[in-house]
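Number of protein chains: 2
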Amino acid sequence: MIEKLIDDILKKKNPSVVGLDPTPEMMPEFLKTKYFDRMGYDNPAAYAGMFLEFNRAVIDAVADIVPAVKPQIAMYERFGITGLQAYNATCEYAHGRGLTVIGDIKRGDISSTAAAYAAHLGGVDVNGTHSDMWTEDAVTVNPYLGTDGIKPFIDECSAHCKGIFVLVRTSNPSSAEIQEQSLADGRRLYEAVADLTEKWGSGLIGQHGYSEVGAVVGATHREQGEQLRERMPHTFFLVPGYGAQGGTADDVAGFFDENGLGAVISSSRGITAAYKKDPKYDEKDFALAAAESAVRMREDLMGALMRRGVSY
Amino acid sequence: MIEKLIDDILKKKNPSVVGLDPTPEMMPEFLKTKYFDRMGYDNPAAYAGMFLEFNRAVIDAVADIVPAVKPQIAMYERFGITGLQAYNATCEYAHGRGLTVIGDIKRGDISSTAAAYAAHLGGVDVNGTHSDMWTEDAVTVNPYLGTDGIKPFIDECSAHCKGIFVLVRTSNPSSAEIQEQSLADGRRLYEAVADLTEKWGSGLIGQHGYSEVGAVVGATHREQGEQLRERMPHTFFLVPGYGAQGGTADDVAGFFDENGLGAVISSSRGITAAYKKDPKYDEKDFALAAAESAVRMREDLMGALMRRGVSY
Chain A
20 MIEKLIDDIL KKKNPSVVGL DPTPEMMPEF LKTKYFDRMG YDNPAAYAGM
70 FLEFNRAVID AVADIVPAVK PQIAMYERFG ITGLQAYNAT CEYAHGRGLT
120 VIGDIKRGDI SSTAAAYAAH LGGVDVNGTH SDMWTEDAVT VNPYLGTDGI
170 KPFIDECSAH CKGIFVLVRT SNPSSAEIQE QSLADGRRLY EAVADLTEKW
220 GSGLIGQHGY SEVGAVVGAT HREQGEQLRE RMPHTFFLVP GYGAQGGTAD
270 DVAGFFDENG LGAVISSSRG ITAAYKKDPK YDEKDFALAA AESAVRMRED
320 LMGALMRRGV SY
Chain B
20 MIEKLIDDIL KKKNPSVVGL DPTPEMMPEF LKTKYFDRMG YDNPAAYAGM
70 FLEFNRAVID AVADIVPAVK PQIAMYERFG ITGLQAYNAT CEYAHGRGLT
120 VIGDIKRGDI SSTAAAYAAH LGGVDVNGTH SDMWTEDAVT VNPYLGTDGI
170 KPFIDECSAH CKGIFVLVRT SNPSSAEIQE QSLADGRRLY EAVADLTEKW
220 GSGLIGQHGY SEVGAVVGAT HREQGEQLRE RMPHTFFLVP GYGAQGGTAD
270 DVAGFFDENG LGAVISSSRG ITAAYKKDPK YDEKDFALAA AESAVRMRED
320 LMGALMRRGV SY
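Those protein sequences? They're chains A and B, same order as listed. Using the working numbering, the first residue of the first sequence is number 20, and each one after it goes up by one. Using the working numbering, the first residue of the second sequence is number 20, and each one after it goes up by one.
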């Protein structure tokens, strides 16, 4: 995962990822009319069909601009089985457009169960037959259960050139309650998780110096992100919290290394709901608005990197 | 959730829950033949059909013995969309037999996303239309993101009489790496999570003195479980790790209060794969073996409680 992601960041001169987190409220009226009038508000297939049509248009619009997309599985799981079919179809469509797909699934469990979740990366092998039920290139994982809950994912990363991003320091307001707990050894808890994460990736470091084991570090924690960049030299960051959650390009500029690598910045509503924020767009132009917003985000990030003397 | 669970524990004189965590290896040969010969090893629907037939037979066999079942969603998610259909059908079948269904989903995310996952408990409401895509009575949740990641679940518990069990101290070997970190204030991290959990449940305490916000506490941590029982007087425990993972009835006896309440002990393979461990069973008797194993587990737990002077 990590080699292709970095290659595409360099090729597209863009270290950003579009979050595909559809909600009914985000959908243009013409799509709501099309699906709900025909299928009904109580029909999960209406949501799934609408989300997929929306996502495909956004993916087509941003495929040449960004290296990766990040569908948030909760937004699909919310609508049950058919919602998850739309998640899978979204992942597959994004693959078809050459994008790296980071599934934001935040799974985590004890070892035998984590091995089952790791099917998101490695598929299943039963009686000599291999099947892929999920097709993400990388997924986010939760570290609360420790090494034996992470190792099954790492094994699949190693076997199938996939990746994970471990939740280290999340962007949400309450995250400090657990993640910033001061430890007796002087570290904060998130620093202990950071140290484990750097260690977990030590066997999977690629040609650019980064491993298949990345970290989620929120854009809302500017200083901590900069310190973590030093602390985790082989760990690539997936950075939520830019835009709608308040993080700016200058906030995240220090999350990158001296080559402008080491991080991808994620934006969801800021891209996919851009059409709602500017009256110049007709709602039918939601994909165009997404593309233009993705270009503005690239320029915003490139500008912040250039102010630190970095360019691709 | 919690009132019915406690009522049924008292009625069935059994504080245990059967984990429904099917794997291909666990299935009797006659079921494998039936599904794989007809549908093929690469057909997810074969796994889903096989798991559901297995689960239904186990549910029928234990429905009068145990108050609850705990399907582990990872074992179904592993087989993709059709696997998750078997998860849903298992939940619904268990409801039909009057059992409380604890979905072991270990979800956790930032607030808006946690609200999407909370559809497992509260369904979705769009344009005045309510739909239930999932039907668990309670789910397990991960605390690493703090209060704003838990509150959407608590809101649904409150609105729909559902429950959650927060991961406090998990049963797996590596869990100590994070959960036993010593904090500067003298607590261990899991104790800080325990204190948050007790607080999160303070508004949802029922007639028996326990709240809809429970805690996962592994049977493999005997002393910690006993201390947590004191520390979290209104928090019901969901206790994995009995049996296959090494926890004994005497290990968990101190997880109960003086009335023999305050905990349900979970066993998965020990019940559902019991037919494999005793040559007296033909594989066609897997459900009978599960029922007899569930009765032995009840007697084992009741014996340990009686040795502490507690009986229902």
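In case anyone wonders, no lab produced these hints; they're calculated from the structure. A hint or two may mislead.
Note that the list lumps identical chains together, so a pair holds whenever it fits in one copy or between two copies.
[As the list claims (entries may be wrong)] Subject to a maximum C-alpha distance of 20 Å in a straight line, what follows is the list of computed EDC-like cross-link-like pairs (lysine to aspartate or glutamate):
{"#": "1", "residue 1": "Lys23", "residue 2": "Glu111"}
{"#": "2", "residue 1": "Lys218", "residue 2": "Asp56"}
{"#": "3", "residue 1": "Lys31", "residue 2": "Glu217"}
{"#": "4", "residue 1": "Lys303", "residue 2": "Glu245"}
{"#": "5", "residue 1": "Lys218", "residue 2": "Glu196"}
{"#": "6", "residue 1": "Lys30", "residue 2": "Asp151"}
{"#": "7", "residue 1": "Lys31", "residue 2": "Glu242"}
{"#": "8", "residue 1": "Lys51", "residue 2": "Asp144"}
{"#": "9", "residue 1": "Lys31", "residue 2": "Glu311"}
{"#": "10", "residue 1": "Lys299", "residue 2": "Glu249"}
{"#": "11", "residue 1": "Lys170", "residue 2": "Glu196"}
To see whether the hints hold, each was checked on the structure:
For the homomeric pair Lys23 and Glu111, the shortest alpha-carbon distance inside one copy (17 Å) is at most 20 Å, but the shortest distance between copies (43 Å) is not. When the C-alpha separation of Lys218 and Asp56 is checked against a cutoff of 20 Å, the pair qualifies neither within a copy, at 53 Å, nor between copies, at 45 Å. In this assembly of identical chains, Lys31 and Glu217 lie within 20 Å of each other by CA distance neither inside one copy nor across copies; the values are 27 Å within and 49 Å between. In the homo-oligomer, the alpha carbons of Lys303 and Glu245 never lie at most 20 Å apart, since the shortest distance is 40 Å inside one protomer and 60 Å across protomers.
Within a single copy, Lys218 and Glu196 get their C-alpha atoms only as close as 24 Å, which misses the 20 Å cut-off; across copies the closest is 13 Å, which meets it. Proximity of Lys30 to Asp151 under the C-alpha cut-off of 20 Å is found in neither arrangement, the shortest distances being 29 Å within a copy and 45 Å between copies. In this assembly of identical chains, the alpha carbons of Lys31 and Glu242 never lie at most 20 Å apart, being 28 Å within a copy and 56 Å across copies at closest. Taking the closest pair of Cα atoms, Lys51 and Asp144 come within 20 Å of each other only across two copies (15 Å); inside a single copy the shortest separation is 40 Å, beyond that limit.
For the homomeric pair Lys31 and Glu311, the shortest alpha-carbon distance inside one copy (15 Å) is at most 20 Å, but the shortest distance between copies (63 Å) is not. Taking identical chains as interchangeable, the C-alpha atoms of Lys299 and Glu249 are never at most 20 Å apart, the minima being 43 Å within one chain and 61 Å between chains. Within a single copy, Lys170 and Glu196 get their C-alpha atoms only as close as 26 Å, which misses the 20 Å cut-off; across copies the closest is 14 Å, which meets it.
Checked against the numbered hints listed earlier, the structure breaks hints 2, 3, 4, 6, 7, 10; every other hint is satisfied.
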